[in-house]
Every structure is written in C-alpha cells, then in structure tokens.
Amino acid sequence: MASPETKFRALDGILLLDKPQGMSSNGALQVARRLFRAEKGGHTGSLDPLATGLLPLCFGEATKIAGLLLGSRKAYDTVAVLGTTTDTDDADGVPLRQRPIPPLDATTVAAALAPLKGRIRQRAPIYSALKQGGEPLYTKARRGDVIEAPEREVEVHGIEILGIAPDRLSLRVECGSGTYVRSLVRDLGEALGCGAHVGALRRLWVDPFLQAPMYTLEALQALAEQGGDAALEACLLPIESGLAGFPRVEVDAVGARRLAQGQRLRGYPPSEVPVAIHGPEGRVLGLGTVDAEGTLSPQRLFAWAVAGTAVKTDRSQ
3 MASPETKFRA LDGILLLDKP QGMSSNGALQ VARRLFRAEK GGHTGSLDPL
53 ATGLLPLCFG EATKIAGLLL GSRKAYDTVA VLGTTTDTDD ADGVPLRQRP
103 IPPLDATTVA AALAPLKGRI RQRAPIYSAL KQGGEPLYTK ARRGDVIEAP
153 EREVEVHGIE ILGIAPDRLS LRVECGSGTY VRSLVRDLGE ALGCGAHVGA
203 LRRLWVDPFL QAPMYTLEAL QALAEQGGDA ALEACLLPIE SGLAGFPRVE
253 VDAVGARRLA QGQRLRGYPP SEVPVAIHGP EGRVLGLGTV DAEGTLSPQR
303 LFAWAVAGTA VKTDRSQ
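If you read the sequence shown in my numbering, its first letter stands for residue 3, the second for the next number, and so on.
Read the hints as simulated data drawn from the structure, not as lab findings. Hints are supplied without guarantee of correctness; some may be wrong.
Restraint-style ranges between C-beta atoms, simulated for each label pair [as the list claims (entries may be wrong)]:
#1 Ser26 - Val96: 13 to 21 Å
#2 Asp89 - Ser26: 15 to 23 Å
#3 Ala236 - Gln263: 13 to 21 Å
#4 Gly230 - Asp107: 51 to 59 Å
#5 Gln32 - Arg174: 25 to 33 Å
#6 Glu7 - Ala294: 49 to 57 Å
#7 Asp293 - Arg121: 25 to 33 Å
#8 Thr110 - Glu7: 57 to 65 Å
#9 Ser48 - Gly264: 30 to 38 Å
#10 Glu227 - Val256: 45 to 53 Å
#11 Gly264 - Glu220: 42 to 50 Å
#12 Pro105 - Pro249: 47 to 55 Å
Once the Cα atoms are required to be at most 30 Å apart in a straight line, the calculated DSBU-like pairs of lysine-lysine come out as [said to hold, decoys possible]:
#13 Lys42 - Lys66
#14 Lys9 - Lys42
#15 Lys66 - Lys9
Glycine residues also receive a C-beta, built at the ideal position from the N, C-alpha and C atoms.
Work out the full structure: start from the sequences and follow the hints.
See the structure below:
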C-alpha cells in the first residue's frame with residue numbers, strides 16, 4: 003500500500019524491470035509504480051515468482067500497447083533439474099515422483115529436444131495464469147480441483163544446449179507468445195525418461211527490447227533517494243520504443259485532427275498488421291489499421307492525440 007503522503011501523477015513511458023526472484027509480477031509492478039508515483043501501470047505478461055529478468059512495465063498511456071507486447075518473441079535461460087517432477091513443474095512445487103537419471107550426452111539431449119521445436123502442441127502447467135471458465139488454473143489447483151490442463155499451439159524458435167551435468171541441463175530458449183518454459187522442461191524430462199522441473203529461469207529479452215538496459219528494484223530505489231523523480235524518469239523509454247516493430251505511417255496536422263475525431267484517411271499502403279501513426283514532428287499518435295483499399299482507421303489513440311497536445315513524459319508538469 004502507498005503511504006498517505008504519496009502523491010501519484012500522470013506519467014507515460016516503459017520501464018524495463020529486472021524482476022527479482024520470489025516476487026510476483028504484479029507485486030513487482032506495484033513496488034515500481036509507487037517508486038515512480040505513477041497513477042496507472044501494467045505489466046506485459048507474467049513471470050513466475052521463481053523467475054528473474056526482463057519484465058516490461060507500462061505506465062500511463064503506454065498501458066494501451068501492453069497487449070501488443072504480450073505477443074512478442076522472447077528468450078530465456080533455464081536450468082532443467084533432472085530426476086524429479088513437481089506439481090508446478092518448477093522448484094517451488096511439491097515433488098511428485100523421482101526417477102533415476104540415465105547417462106546423457108549432447109546427442110541424446112538434442113534428440114529429445116528436437117520434437118519440442120517449431121510449431122508444437124503444448125499442455126500448460128496446472129499451476130499457471132491461463133484461464134479456464136474465467137478462472138486462473140492456479141486458483142483451481144490450489145483449491146484441489148481436478149484440472150484438465152488445455153493444450154494449445156505455440157512456437158519454439160530454438161533451444162540451445164548451454165551445459166550438461168549429471169543431474170541438470172542448462173538451456174537457452176527462444177519462443178513466441180504463450181509458450182511455457184516449464185512445460186518444455188517437463189516434456190523434455192519425460193522424453194529423457196527421468197522427469198524434470200525448472201530449477202532456475204531468467205528472461206533475457208522481449209522483442210523489441212533486445213539490448214536495452216534493465217533496472218532492479220534496488221537500483222531504482224537508490225536512484226529515487228539520490229536524484230528523485232528526474233533520475234527515475236531518465237530510466238523510462240518512450241512509448242515509441244514499444245512500437246518499433248510496427249509499420250509507420252505519417253499524417254499531417256489536418257490528418258491528425260481528423261483521426262482524433264474518429265474519421266478515416268485514404269491513400270496509405272495496405273497493412274495486415276496494426277500501424278503506428280505518427281503526426282507532425284514525428285510524435286506517435288497511436289495505433290491504426292490500413293485496409294486493402296488503403297484506408298487508415300484510428301484504432302487506439304493516445305490521450306495527447308485526442309486532446310491535440312504535445313507528448314510529455316510527465317503530463318503533470
């Protein structure tokens with residue numbers, strides 16, 4: 003809870019948080035939001051409490067693109083602990099079964115990994131945020147319900163073997179939206195005949211944030227104490243950074259006003275994906291669609307586009 007003295011403010015931008023182990027994604031978001039005193043915030047897809055690494059946080063108007071970042075390509079480093087399965091498919095769970103570990107080499111592990119790459123059908127862990135009947139599976143599991151975890155199609159772009167030890171494997175996974183690394187490790191363990199669970203998991207990057215620096219909560223706290231709001235705001239990325247992978251279309255001042263009024267514009271290259279609309283001086287106005295006839299329609303505009311005001315990181319100033 004924020005202290006009674008905390009004065010929240012309108013703040014727009016994206017923070018690349020290095021989530022600590024043992025904290026939920028929402029818990030990490032709330033700590034960061036209080037530090038920045040941001041009125042509105044959201045995260046772009048949960049990391050398990052066990053996991054560390056990149057958790058993009060969206061403040062203010064940036065929350066309007068959070069859903070787009072959920073579907074982005076991601077990369078993880080993970081440690082698969084062999085010989086034991088757990089009810090959560092990771093080290094936070096209760097052990098269910100122990101089996102002997104066969105001798106392993108790179109050839110054997112690579113053969114077991116091969117069916118787990120590409121477009122695959124994957125069964126979600128029963129302890130996951132995936133909803134069934136409007137309720138997260140983890141809620142049902144904690145209540146003791148019998149759960150038939152759903153299967154869905156996901157894409158695993160690659161799995162690299164980083165290291166092989168007698169009782170564990172170190173792996174780097176690059177995957178698309180909806181992929182559970184815990185499920186990959188669980189299924190790998192079954193393919194090897196000994197079972198496995200995730201012992202450690204770190205998210206390295208989320209497209210388009212492949213090389214941008216992350217900040218720990220401790221580092222942010224130190225910045226807040228040393229430099230106040232200005233030091234914290236320097237850590238924020240502009241909303242445009244989250245739209246780097248989307249086609250860009252530009253409109254003039256007249257076109258910007260028409261879009262703000264819900265009107266459509268003609269004469270743009272058709273696009274099968276949403277487009278990032280930029281107005282005068284290159285300021286991003288929001289997202290739109292361009293149909294086969296080249297008609298640009300506003301889809302989700304930012305507050306300054308509708309109000310006709312300039313983009314500011316802190317609109318309270």
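Verification of the hints:
Taken as a hint, the range 13 to 21 Å holds for the pair Ser26 and Val96, whose Cβ atoms sit roughly 19 Å apart. Hint check: Asp89 to Ser26, Cβ distance near 18 Å, so the stated range 15 to 23 Å holds. Distance hint check: the CB atoms of Ala236 and Gln263 are about 35 Å apart, inconsistent with the given range 13 to 21 Å. A hinted range of 51 to 59 Å holds for the C-beta pair Gly230 and Asp107, which are about 55 Å apart.
A beta carbon spacing of about 30 Å between Gln32 and Arg174 agrees with the range 25 to 33 Å that was offered as a hint. Between Glu7 and Ala294 the beta carbons are some 55 Å apart, a value that agrees with the proposed interval 49 to 57 Å. Judged by the Cβ atoms, the range 25 to 33 Å given for Asp293 and Arg121 holds: they are separated by roughly 28 Å. For Thr110 and Glu7, the Cβ-Cβ distance of about 60 Å falls inside the hinted range of 57 to 65 Å, so the restraint holds.
Range check, Ser48 to Gly264: about 34 Å between beta-carbon atoms, so the 30 to 38 Å window is met. One distance hint, 45 to 53 Å for the beta-carbon pair Glu227 and Val256, holds here, with the actual separation near 47 Å. Between Gly264 and Glu220 the Cβ separation comes to about 45 Å, which falls inside the hinted range of 42 to 50 Å. Remark: the range hint 47 to 55 Å for Pro105 to Pro249 is upheld by a beta-carbon distance near 51 Å.
For the hint pairing Lys42 with Lys66, the CA-to-CA distance comes to about 11 Å; that is within 30 Å, so the pair holds. Annotation: proposed proximity of Lys9 to Lys42 holds, straight-line Cα distance about 13 Å (limit 30 Å). Simply put, Lys66 and Lys9 have alpha-carbon atoms about 23 Å apart, close enough for the 30 Å limit, and the pair holds.
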